[in-house]
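Trainee: Sequence:
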Amino acid sequence: MNPLTATSKGAATRDAIIDKAYEIARFAGIEGLSIGPLAQAVGMSKSGVFAHFGSREDLQLAVLESAGMRFGEFVLGAALSQPRGLPRLRALMHNWFEWGRLESGGCVLVASVSEFDHRPGPLRDQVFRNERRWRQELQRAAQLAIECGHLRDGDTDQYAFELYAIPLAMLHESGLFGYEQARKHGDSALERWCAAHAPSP
Numbered sequence: 001m002n003p004l005t006a007t008s009k010g011a012a013t014r015d016a017i018i019d020k021a022y023e024i025a026r027f028a029g030i031e032g033l034s035i036g037p038l039a040q041a042v043g044m045s046k047s048g049v050f051a052h053f054g055s056r057e058d059l060q061l062a063v064l065e066s067a068g069m070r071f072g073e074f075v076l077g078a079a080l081s082q083p084r085g086l087p088r089l090r091a092l093m094h095n096w097f098e099w100g101r102l103e104s105g106g107c108v109l110v111a112s113v114s115e116f117d118h119r120p121g122p123l124r125d126q127v128f129r130n131e132r133r134w135r136q137e138l139q140r141a142a143q144l145a146i147e148c149g150h151l152r153d154g155d156t157d158q159y160a161f162e163l164y165a166i167p168l169a170m171l172h173e174s175g176l177f178g179y180e181q182a183r184k185h186g187d188s189a190l191e192r193w194c195a196a197h198a199p200s201p
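Note that full-length UniProt numbering has the sequence shown beginning at 1, numbered continuously upward.
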């Protein structure tokens, strides 16, 4: 077999394993991942899965990295096509709300914080990187809105904290009371926040 073909096939297999592991983690959490059941789910031997991931922790790290990439592409990627300032910030938040609908079984990123926030090690480090990147994106979006005159000048770190709280509350409400009610509250909270931080007339 051509080495390039073999490499491509190996990468495709690895991606397929990560996709299945991600689906499992949505409901069972990152800690719920184990090589045996995953191998069965993808129709491979345990040794076949181990050939792509040297350990359970390597698999968990790969899923966390994949979750961060999926989230970034879905939430941030589409928002970047919107004009800078409040339109982009709103789009970013609305995409996050929509992510909550699509990930109704459970958000791997949110759950991973509870799983690893007090457990030092590589998994917590990856969770921290995912969280830091997203908070930095919120800060950047808020700063652009300030520069465009759409928000009054303020502490963008605090702005990011407050914005982050809205979809978190929405995700919790969605699981118990349904997405439609949670989305209504999320949209209302975002508009109230934007109005509260609008520039003085």
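No lab work stands behind these hints: they were computed from the structure. Everything numeric in this text was worked out from a predicted model, so none of it was measured. Beta carbons are placed, not taken as given, at the ideal position from N, Cα and C, and that holds for glycine. Please note that a few of the clues may not be correct.
Okay, derived cross-link-like pairs now, DSS-like style, lysine-lysine, Cα gap no bigger than 27 Å in a straight line [what the hints assert, rightly or not]:
#1 K9 - K46
#2 K20 - K9
#3 K46 - K20
Cβ-Cβ distance ranges computed for the label pairs, FRET-style [as the list claims (entries may be wrong)]:
#4 L176 - R124: 23 to 33 Å
#5 F161 - R129: 48 to 58 Å
#6 G48 - P199: 54 to 64 Å
#7 Q181 - R135: 23 to 33 Å
Trainee: Compare the structure with each hint and give your call.
Mentor: Here is how each hint holds up against the structure:
For a cut-off of 27 Å, the pair hint linking K9 to K46 stands: about 18 Å separates their Cα positions. With a C-alpha separation of about 17 Å, the suggested pairing of K20 with K9 holds against the 27 Å cut-off. Restraint check for K46 and K20: satisfied, since their Cα atoms lie roughly 14 Å apart, inside the 27 Å limit. Roughly 27 Å separates the CB atoms of L176 and R124, a value that falls within the hinted 23 to 33 Å.
Here the CB-CB span from F161 to R129 is close to 18 Å, at odds with the stated 48 to 58 Å. Against the hinted window of 54 to 64 Å, the Cβ-Cβ separation of G48 and P199 comes to about 59 Å, which satisfies the hint. Q181 and R135 have their C-beta atoms about 27 Å apart, which keeps the hinted 23 to 33 Å range intact.
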